[in-house]
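**Q** Modelling step: build the complete structure from the supplied sequences, incorporating the hints.
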Amino acid sequence: GAGVSQSPSNKVTEKGKDVELRCDPISGHTALYWYRQRLGQGLEFLIYFQGNSAPDKSGLPSDRFSAERTGESVSTLTIQRTQQEDSAVYLCASSPAGREGAYNSPLHFGNGTRLTVT
Amino acid sequence: AQSVTQLDSQVPVFEEAPVELRCNYSSSVSVYLFWYVQYPNQGLQLLLKYLSGSTLVESINGFEAEFNKSQTSFHLRKPSVHISDTAEYFCAVSNFGNEKLTFGTGTRLTIIP
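Residue numbers (my numbering), protein chains in the order written: chain A, 3 to 120; chain B, -4 to 108.
I should point out that these hints are in silico values taken from the structure, not numbers from a laboratory.
Below, a list of computed lysine-lysine pairs in the DSBU-like style, where the Cα atoms sit at most 30 Å apart:
#1 Lys13(A) - Lys59(A)
#2 Lys59(A) - Lys95(B)
#3 Lys44(B) - Lys64(B)
#4 Lys44(B) - Lys59(A)
#5 Lys95(B) - Lys73(B)
#6 Lys95(B) - Lys13(A)
#7 Lys17(A) - Lys59(A)
#8 Lys59(A) - Lys19(A)
#9 Lys95(B) - Lys64(B)
Footprint (simulated), chain A over chain B, 3 or more residues, beta carbon under 8 Å:
#10 35 to 46
#11 98 to 107
For clarity, every value in this text was computed on a predicted model and none was experimentally measured. Just so you know, even glycine gets a beta-carbon here, dropped at the ideal spot from N, CA and C.
**A** Printed below as a string of C-alpha cells:
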C-alpha cells in the first residue's frame, strides 16, 4: 500500500517568507510525528499528534513554527518568517499505535522535504 | 532526559568483512532501543528493536544488536556485509509512557567492493 507522502520534496525560499509543508500519513495510522534533520545532526523531534488528543508541541523551536492535523489524516507544518537556520530536511512519520503502545510500533517515515532558506 | 550518541559518522568496510556500528544512550528510566536504516533515496525504516526479554535482537537481513545495560550500549553488528547494506543507520531511544523517539546523529556505512 501507499507509504507516508510528503510534499514538496524540495523547497527553496527567501528569508522572511512563510512556507507550508504537507504530510499524508498511512491510512489508519493514528499517530503522526514531525522531525527535523539539520546537516550532520540527528533527527530533532518537533511535534506529535495522536488522534483527537492535544498535540505534543514540546519540540517546536519557536513560535514561528506551527502544525495542524485534520482528524487522522493530512498534517501541515507551517514556518513563518523563515530564517536561514530553518534550512533542514523535515521528516514526517506515522504509526498505527496509540500513546500507550507507540514504542511498540515502528514509525513509517516519508522521504522528507528539503527546505533551503536563502 | 534521554540522549543517544553515535560516535562514528562514517564507517567504510570491505565487502564480506564484519562491521560494528556503535550506539550509546543515556536515560534515567528503563529504555526501549531501536535501529533505523535509510537506504539511498528512501525513507527511514525500522531495522530492529529491543523492548524487553532477550538482550540480543536480530533483523531479517543478518544484522543483530545487543542491549548492554551496564555499558548503556546497543551496538549494531553484522558478521559479513554486502554492497546492499550501504545506507545510513540511526540509533534511537524511547521510554515507556514517552513515545518520543530520540535519535542519534547517524552513521553512514559504505561498503567497499
